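Participant: If you want the building blocks of each chain, they are given just below.
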Amino acid sequence: GAGVSQTPSNKVTEKGKYVELRCDPISGHTALYWYRQSLGQGPEFLIYFQGTGAADDSGLPNDRFFAVRPEGSVSTLKIQRTERGDSAVYLCASSAGGLYNEQFFGPGTRLTVL
Amino acid sequence: DAKTTQPPSMDCAEGRAANLPCNHSTISGNEYVYWYRQIHSQGPQYIIHGLKNNETNEMASLIITEDRKSSTLILPHATLRDTAVYYCIVLTEGGSEKLVFGKGTKLTVNP
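Top to bottom, those sequences are chains A and B. The first sequence begins at 333 in my numbering and counts up one residue at a time. The second sequence begins at 10 in my numbering and counts up one residue at a time.
Hints listed in this document are in silico derivations from the structure and should not be mistaken for laboratory results. Keep in mind that this is a model prediction, so the values were computed, not measured. The C-beta atom is built at its ideal place from N, Cα and C for all residues, glycine as well. Any given hint could be a false lead.
[To be verified] Some, not all, of what chain B presents toward chain A, calculated at C-beta under 7 Å: (1) Lys-12; (2) Pro-16; (3) Gly-52; (4) Tyr-55; (5) Ile-57; (6) Gly-59; (7) Lys-61; (8) Glu-102; (9) Ser-105; (10) Phe-110; (11) Gly-111.
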């Protein structure tokens, strides 16, 4: 079946602009996770949803970052007033929820802020 | 969640077993050990997890010491496609499901 998909695969923007990154989870998965990965580093947790609500948003670096999942399926990560330091690969994962269910990752969106 | 320590890199010959160690000396009784790997330019992939008993699946085996302070991921017959960064992660039962990735171990399988 279809895995986790993310769009766009690449996004180039200018400093100060607003961007939206989309994640389509595996059908039926109730949990959805956002991570970001800078070059040479492991993925860094941002936020995860259980259904429509954010269960843990402790990884969002500041109030320029916001994520929604209004219908409990597709999620959008929104970044306002982008900065060059926001350049990274943004990874989305989904799972059936719960500690014992593996997270399935998408291919990521590479964001470059010029 | 307990902190984990892994060697930064390891090499293995194709066809041989790859044994990747992880130290989690502060692990608590309700914390599980998870392993994920990340092949270059791909998202991470789940491998295996365990609490205290040894576990095996089609990808790997996980050996956890009796005191649970360390574990070893074993790839029994490594192939070139197993070249990746391997992450050992500890998750708490009843806690957040977020994965905290360290720097992992870069495993290179050589022909």
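Participant: Would you mind marking each hint as holding or not holding in the structure?
Facilitator: Status of each hint after checking the structure:
1. Lys-12: 13 Å, violated
2. Pro-16: Not OK, violated: Pro-16(B) not within 7 Å of chain A, min 14 Å.
3. Gly-52: Hint on Gly-52(B): holds, closest Cβ of chain A at ~3 Å, below 7 Å.
4. Tyr-55: The hint holds - Tyr-55(B) has a Cβ within 7 Å of chain A, the shortest such distance being about 4 Å.
5. Ile-57: With a minimum Cβ separation of about 9 Å from chain A (threshold 7 Å), the hint on Ile-57(B) is violated.
6. Gly-59: 11 Å, violated
7. Lys-61: Lys-61(B) check fails; min Cβ-Cβ to chain A is 15 Å, beyond 7 Å.
8. Glu-102: Holds. Min distance 6 Å.
9. Ser-105: Status holds, d = 5 Å.
10. Phe-110: Hint holds; Phe-110(B) Cβ to chain A Cβ min 3 Å, cut 7 Å.
11. Gly-111: Constraint on Gly-111(B) satisfied, holds at 6 Å.
The structure shown violates the earlier hints numbered 1, 2, 5, 6 and 7.
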